[in-house]
Each structure stands twice: as C-alpha cells, then as structure tokens.
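J.: Sequence:
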Amino acid sequence: MFRECLFVLRKIIDACNESFSPQKVGASRQTNRDTVWSVLTGQALGDTPSIVLHDVREIETWILRLLSSPVPVPTKTRVEVEIISPNLQPPLCFALPDHTRFTLVDFPLHLPLELLGVDICLKVLTLILLENKIVLQSRDYNALSMSVMAFVTMIYPLEYMFPAIPLLPTCMSCAEQLLLAPTPFVIGIPASFLMYKKNFKMPDDIWLVDLDSNKITAPSSLTEESLPPLPEPEGTILKNHLKQAMQLMDQVGSSVNIYYNSQSAWWHILYFVVSGMHDLSHKESSRL
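For the record, in the sequence shown the residue sitting at position 89 is 89 according to UniProt numbering, with numbers rising by one throughout.
It should be emphasised that the hints constitute simulated quantities derived from the structure, not laboratory data. There is no bait here: all hints are sound.
With a cut-off of at most 30 Å between alpha-carbon atoms, the simulated DSBU-like pairs for lysine-lysine come out as follows: (1) K197 / K215; (2) K243 / K215; (3) K239 / K215; (4) K198 / K215; (5) K201 / K215; (6) K215 / K123; (7) K197 / K123; (8) K123 / K201; (9) K239 / K123; (10) K123 / K243.
Produce the entire structure from the sequences given, and follow the hints as far as they go.
T.: The following block contains the structure:
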C-alpha cells in the first residue's frame, strides 16, 4: 500500500511538471523553469512561478491528509482512503493483522528464493541463524538491498541483533573497514565493490553470497559442505513446502490461496530450521 501511495504521488508530480513544461507554455526548449520537482527538492533556481507554487502547496496538502489518516485497530477496523478520484482508482484499504501474525513488510520477502533457489536460500538462512559473517553481492542494487532485508526478516519471531546493511556504497571512504568487524553481520555490496578497493583483502571468516551467479563461497578455512544440514525429515518437508509456495506464486490463481500457502511455508522455515539448529546445538553439548 505504501508503495502504491508513492507511485501515485510520483504520477501527480510528473503530471504537474508536464502541464508546465516550456513546450506547453510556448517557451523554447532552452528555457529553464523551476518545476515542482526542483521546488520540492530545494533546487529552485530563482523566482518560482506562482502556478508552480500552487501545485506544490496542493501536493503538500495531499501528503498531509494522507499522513493524517486514522490508524486502524488490529483485527477490528479498517481504513479506506481515496488518494485520488474513485473514478480513476478505487480507495486503498488499510488494516493491521493480529499481533500473532507476521509483521508487515513493504518489500518482496520471497525475492531471495527466486534469486538463489530454495536450497541455497536455506543455506544462507542457516548461516544467519548460526551467527556467521555474511556478505551478499550483486550488480542489481535494488535486488541486493531487498534480499538483505528479506533474509533478516525471515528469522521472525527471532530478531537479528547484529549489523545488517542492505547496501554498502563503494564511494564511501573506508567502507571496506566495516567488513573487518569482529561481530556477525549481513552486508550487501555491489559486485564491483572489491574491484575499487584494491588494497583490501576479504577477511577469511566471511561467507560470500553472489546473487547473480547463485553461488556461495565459503571462508578459506571451510567448505560449503561444512555447513550443517537441516535435520531430516524436517528439512525435506520444509523444502517441499517452499517449492510449492513458489509454484503457487508463479501461477495465475487465487491470491488468497497464494497468501495462506506462502505464510504456512514461512512458518515451516522458522519452526524446522530453528528447532533443527537447537537439536544440533543440543547434540554438540551432549558430545562435550
């Protein structure tokens, strides 16, 4: 819903700019005019035309009204908001789930499954639960940042207490020093990050996950096979549930069925993986 509001807001601003473009008002293409975007971003050149200021005030009022909408009571009420004329788009419905349900997220939680596949995705999730240092890299900055946030969110109801950086910018001075942190972390870096950090060597205790090639690179002292497998038969059951959920999301069908089957699969992630890691820890303690 929040993305939909942002999308509509952008369309409104673009429409205002289009209506006041130099060609629309009979000016030459070389004429520089303040636009709604330039005023909203603080980049106005000089005396802003009154019609632009009027549009800016209307947009600010639209934003204020949206932010002033009442908050629905979880599982009891809902709020329908007409962000534009109902003739152009039906009202948006806002509601909050029961506190026992998953927390709300505004990014695709299933994206890592699509990019890496079920098997590799579960390996990365296991690495996170075992508090390893993990670096994800990709050429697609949007997919990279969304995947980092999705992985951290997947461990709900557990909460990731270590640093999680969706995108570590290459241009930031000494950004590579963050990879030397002694604590576990989940950090996303551009695929070209290490190429620009020529005097930096990746630490030996970091697991590198390449979203573009669907590959995990283990630390030099370990191998991918050293990662403990999920307990059986729970691991196989979990994988089957996730594959079924992904197939349902790819099919054109009932969105309700897709939602509930996907939710069931995520609960299997948390139950089986967490209980599996607990069993592994218990076995290790027994050996000691």
